[in-house]
Amino acid sequence: MASQALIPLATDTETDIDTTQISLFAVPGMHCAGCIGKIENGLVRTPGIASARVNLSAKRVTIQHDPALSPPDLRAAIAALGFEAEPLADPGVDVAAAENRMLIRALAVAGFAAMNIMLLSVSVWSGAEGGTRQMFHWLSALIALPTVAYAGRPFFRSAWAAVRQGRTNMDVPISIGVLLTTGMSVYETLIGGEDAWFDGAVMLLFFLLAGRCLDSLMRGRARAGVAALLKQSAPGAMLLDDSGQSRWVAASALRPGMMMLVAAGERLAADGRVMEGESGIDIAFLTGESAPVRVRPGDLVQAGALNIDGPIRVVVTAAGPDTVIADIARLMEEAAQGKSRYVRLADRAARYYAPSVHLLSALSFAGWMLAGAGVHQSLLIAVAVLLITCPCALGLAVPAAQIVACGALMKRGVLVKDGSALERLAEVDEALFDKTGTLTLGRPVPRDLAGLGGEDRAVLLALVQGSRHPLSVALRQALEGEGVVPAPLTDLREQAGEGMTGRLGDETVTLGRPRSLITLFDLAAQYRRGDRAVLLRFTDALRPDAVETLTDLRAIGLKTLIASGDRPEALTEIARQTETTAIGHLRPQDKLALIERLRASGHRVLMVGDGLNDGPALAAGHASMAPASASDASQLAADAVFLGDRLAPVAMAVRAARRTVRVVKQNFALAIGYNVFAVPLAIAGHVTPLVAAVAMSTSSLIVIANALRLKGAAR
Amino acid sequence: MTGLTVLIPIALSLGLLGLAAFFWALGSGQFDDSDGAAARILIDDDE
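Top to bottom, those sequences are chains A and B. Here the numbering used here is used: the first residue of the first sequence is 1, the next is one more, and so on. Here the numbering used here is used: the first residue of the second sequence is 716, the next is one more, and so on.
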């Protein structure tokens, strides 16, 4: 790896370097000021890199560099500083971030306008008369009209989209309410009337935008967390052309028949057949299996596979949309369509709320007309009814509760992607678990360390420290966890496919593939010191609290089931321990079909899985969760991602989601209760702009206060 | 009354100034990396 850091740019004529290219890398390992300084200062010392800027919240580095530097070069440069990095796709336009920014702008405008109009309104309420009142109304109109036009757009757009499709959502009554109130107030101002409701309309927009911003913020935060963990399979490959020259080619330009050079530690950018070389490749993303698979010339390898041991030459057989990964991605896309049909709680409430409010408003208009109040008076009352019933508290009720719950869950290591995920999570009644990587840790854990002496452990740690082989990494984690200090070794070498060699004093120590071995366990390594050899075996351990979590889930009323692609024999032990039925030999399509069957029989399935083979099932489940160690596609498909080695977050998230929905429903009840008091006042014609303003703010404050009770929801 | 014709424009323009400043800050990416901003103050640059 480190040898690639030597970049072929010997001259230091910095002025000549073309620094037009901008690349983005995810560096999940950064967490402090020291890391920022190390990366930013370290990278600019690399020839060809003009500047590097770290974004700690998103765990990203933006590098401005010479186009001659390819992504592997940059990655090696970051690796030389001691950080693992993965190139991210084209920075492009982040739609979600743009939407969030637009909402914040609208909120700022609405806030500014609401405060200033309120200032003017207070003087009107305190008794400004005649010309002064008239001037204040005009000033309010001057501020309110552009504000409604600008800050109201998110609501108008969504309402219009719904109406055009013959549906109704929360935004329809909001838009009608705001527009009618504004229109009526303009008319009042024109004829020099007594009351104008500009303050009410703009304040309503402000509160609702606050709810919208919270919602979007929550989604953005979780997405940033997932994106930081997200590793793009491979942005391209080093190609070997007929003349023996090698050049870097982006993944999108790869075609069948091309020859790729894949170094150890690199991921494949396309499906292919090995032509030369022998190596172990890690296809955990596909199978969830942690042991590397040996490949020889003639074997097929898949895009996204990680080459571990030695360099191989691979001829491309399928690239881009024809690869195995792309196939699974398509399957996932289709499966996810069912989820998009889910109607959120707030919109379900709006289905009943909106028509009844409009009917009420129309009835009060008709009633006052019949009572002989005149068109003007009746219209004023109808508008007051609309304004007072505008679902201000309703619009805040849901996002406020959800963001508090998501914040609490995030502190406990569960990233929930959006509010609708929480709502769906609360409804599940059956939990389907994948085995490898979900119920188990999905990585090898050494079993025989206890038999080793202190010095041997120190030697072992020194041997594995420099290696990226999965078994080495497992040993390093286990030994470092025990606080072992590495022994001073000399002549440390790693031989691809064979293992690590070093010298301790005048003794040779090695860690390598077991020779002449009859073992039932695929995962083993042999440690030799002098002429003594110790066999180290590895298992894929059950997550420490898997059994408790499954019991816990059953206690809160969920059925549990294990669905795995593994051999049934490998499942018996786990099924016995967790007292759960396990089904084996399931391909991705079979898991998908299983979920469809469960759904058809009326169940709402929570899918918990990690491998790419779980991807379609994750997308199809009513709700889904994936561990942070899961494949990228699975993390993208899942509604929530949980960090760490424990499985308890699954049960915790279901509980917190249920509590959240309970609070949301309480908030609905509060909002409706408020309407029961306020609407008769409005119909009776007693609602002045002052009453509307006070009622609106109080009801909003009450639902927010109720939502804050969820702070301790994640327990 | 005459005071109002001076004071209201002043109050409004001050508010608008604040709004413009917020827009500028948002546009120049000052809220993009809140964790980083908190950490950067601890970087020792004199190496």
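In case anyone wonders, no lab produced these hints; they're calculated from the structure. Incorrect hints may appear among the rest.
Keeping only pairs whose Cα atoms sit at most 25 Å apart, straight-line, the calculated DMTMM-like set for lysine to aspartate or glutamate is [unchecked claim]:
{"#": "1", "chain 1": "A", "residue 1": "Lys38", "chain 2": "A", "residue 2": "Glu84"}
{"#": "2", "chain 1": "A", "residue 1": "Lys38", "chain 2": "B", "residue 2": "Asp750"}
{"#": "3", "chain 1": "A", "residue 1": "Lys38", "chain 2": "B", "residue 2": "Asp748"}
{"#": "4", "chain 1": "A", "residue 1": "Lys411", "chain 2": "A", "residue 2": "Glu569"}
{"#": "5", "chain 1": "A", "residue 1": "Lys411", "chain 2": "A", "residue 2": "Glu278"}
{"#": "6", "chain 1": "A", "residue 1": "Lys711", "chain 2": "A", "residue 2": "Glu507"}
{"#": "7", "chain 1": "A", "residue 1": "Lys411", "chain 2": "B", "residue 2": "Asp748"}
{"#": "8", "chain 1": "A", "residue 1": "Lys665", "chain 2": "A", "residue 2": "Asp429"}
{"#": "9", "chain 1": "A", "residue 1": "Lys559", "chain 2": "A", "residue 2": "Asp531"}
{"#": "10", "chain 1": "A", "residue 1": "Lys411", "chain 2": "B", "residue 2": "Asp747"}
{"#": "11", "chain 1": "A", "residue 1": "Lys665", "chain 2": "A", "residue 2": "Glu427"}
{"#": "12", "chain 1": "A", "residue 1": "Lys711", "chain 2": "B", "residue 2": "Asp750"}
{"#": "13", "chain 1": "A", "residue 1": "Lys411", "chain 2": "B", "residue 2": "Asp759"}
{"#": "14", "chain 1": "A", "residue 1": "Lys711", "chain 2": "A", "residue 2": "Asp540"}
{"#": "15", "chain 1": "A", "residue 1": "Lys711", "chain 2": "A", "residue 2": "Glu498"}
{"#": "16", "chain 1": "A", "residue 1": "Lys665", "chain 2": "A", "residue 2": "Glu276"}
{"#": "17", "chain 1": "A", "residue 1": "Lys665", "chain 2": "A", "residue 2": "Asp347"}
{"#": "18", "chain 1": "A", "residue 1": "Lys665", "chain 2": "A", "residue 2": "Asp645"}
{"#": "19", "chain 1": "A", "residue 1": "Lys559", "chain 2": "A", "residue 2": "Asp506"}
{"#": "20", "chain 1": "A", "residue 1": "Lys411", "chain 2": "B", "residue 2": "Asp750"}
{"#": "21", "chain 1": "A", "residue 1": "Lys711", "chain 2": "B", "residue 2": "Asp759"}
{"#": "22", "chain 1": "A", "residue 1": "Lys559", "chain 2": "A", "residue 2": "Glu569"}
{"#": "23", "chain 1": "A", "residue 1": "Lys559", "chain 2": "A", "residue 2": "Asp347"}
{"#": "24", "chain 1": "A", "residue 1": "Lys411", "chain 2": "A", "residue 2": "Glu596"}
Pairwise CB distance ranges (calculated) [unchecked claim]:
{"#": "25", "chain 1": "A", "residue 1": "Glu99", "chain 2": "B", "residue 2": "Leu734", "range": "18 to 24 Å"}
{"#": "26", "chain 1": "A", "residue 1": "Pro680", "chain 2": "B", "residue 2": "Asp747", "range": "25 to 31 Å"}
{"#": "27", "chain 1": "B", "residue 1": "Ser749", "chain 2": "A", "residue 2": "Pro146", "range": "55 to 61 Å"}
{"#": "28", "chain 1": "B", "residue 1": "Leu734", "chain 2": "A", "residue 2": "Gly673", "range": "33 to 39 Å"}
{"#": "29", "chain 1": "B", "residue 1": "Leu734", "chain 2": "A", "residue 2": "Gln245", "range": "56 to 62 Å"}
Not close to chain B: a few residues of chain A, all C-beta gaps over 10 Å, as computed [as the list claims (entries may be wrong)]:
{"#": "30", "residue": "Ala33"}
{"#": "31", "residue": "Gly34"}
{"#": "32", "residue": "Gly37"}
{"#": "33", "residue": "Ser57"}
{"#": "34", "residue": "Ala58"}
{"#": "35", "residue": "Arg105"}
{"#": "36", "residue": "Ala108"}
{"#": "37", "residue": "Gly298"}
{"#": "38", "residue": "Pro355"}
{"#": "39", "residue": "Lys411"}
{"#": "40", "residue": "Val534"}
Each residue gets a CB set at the ideal place from its N, CA and C atoms; glycine is no exception.
Taking the hints in turn, this is what the structure says about them:
no.: 1; hint: A/Lys38 with A/Glu84; in the structure: 13 Å, holds
no.: 2; hint: A/Lys38 with B/Asp750; in the structure: 17 Å, holds
no.: 3; hint: A/Lys38 with B/Asp748; in the structure: 18 Å, holds
no.: 4; hint: A/Lys411 with A/Glu569; in the structure: 38 Å, violated
no.: 5; hint: A/Lys411 with A/Glu278; in the structure: 45 Å, violated
no.: 6; hint: A/Lys711 with A/Glu507; in the structure: 59 Å, violated
no.: 7; hint: A/Lys411 with B/Asp748; in the structure: 19 Å, holds
no.: 8; hint: A/Lys665 with A/Asp429; in the structure: 19 Å, holds
no.: 9; hint: A/Lys559 with A/Asp531; in the structure: 54 Å, violated
no.: 10; hint: A/Lys411 with B/Asp747; in the structure: 21 Å, holds
no.: 11; hint: A/Lys665 with A/Glu427; in the structure: 14 Å, holds
no.: 12; hint: A/Lys711 with B/Asp750; in the structure: 22 Å, holds
no.: 13; hint: A/Lys411 with B/Asp759; in the structure: 29 Å, violated
no.: 14; hint: A/Lys711 with A/Asp540; in the structure: 36 Å, violated
no.: 15; hint: A/Lys711 with A/Glu498; in the structure: 53 Å, violated
no.: 16; hint: A/Lys665 with A/Glu276; in the structure: 63 Å, violated
no.: 17; hint: A/Lys665 with A/Asp347; in the structure: 13 Å, holds
no.: 18; hint: A/Lys665 with A/Asp645; in the structure: 34 Å, violated
no.: 19; hint: A/Lys559 with A/Asp506; in the structure: 60 Å, violated
no.: 20; hint: A/Lys411 with B/Asp750; in the structure: 15 Å, holds
no.: 21; hint: A/Lys711 with B/Asp759; in the structure: 37 Å, violated
no.: 22; hint: A/Lys559 with A/Glu569; in the structure: 23 Å, holds
no.: 23; hint: A/Lys559 with A/Asp347; in the structure: 29 Å, violated
no.: 24; hint: A/Lys411 with A/Glu596; in the structure: 34 Å, violated
no.: 25; hint: A/Glu99 with B/Leu734: 18 to 24 Å; in the structure: 20 Å, holds
no.: 26; hint: A/Pro680 with B/Asp747: 25 to 31 Å; in the structure: 49 Å, violated
no.: 27; hint: B/Ser749 with A/Pro146: 55 to 61 Å; in the structure: 30 Å, violated
no.: 28; hint: B/Leu734 with A/Gly673: 33 to 39 Å; in the structure: 36 Å, holds
no.: 29; hint: B/Leu734 with A/Gln245: 56 to 62 Å; in the structure: 58 Å, holds
no.: 30; hint: Ala33; in the structure: 4 Å, violated
no.: 31; hint: Gly34; in the structure: 8 Å, violated
no.: 32; hint: Gly37; in the structure: 4 Å, violated
no.: 33; hint: Ser57; in the structure: 4 Å, violated
no.: 34; hint: Ala58; in the structure: 7 Å, violated
no.: 35; hint: Arg105; in the structure: 7 Å, violated
no.: 36; hint: Ala108; in the structure: 5 Å, violated
no.: 37; hint: Gly298; in the structure: 49 Å, holds
no.: 38; hint: Pro355; in the structure: 37 Å, holds
no.: 39; hint: Lys411; in the structure: 15 Å, holds
no.: 40; hint: Val534; in the structure: 44 Å, holds
Of the numbered hints listed earlier, those contradicted by the structure are 4, 5, 6, 9, 13, 14, 15, 16, 18, 19, 21, 23, 24, 26, 27, 30, 31, 32, 33, 34, 35, 36.
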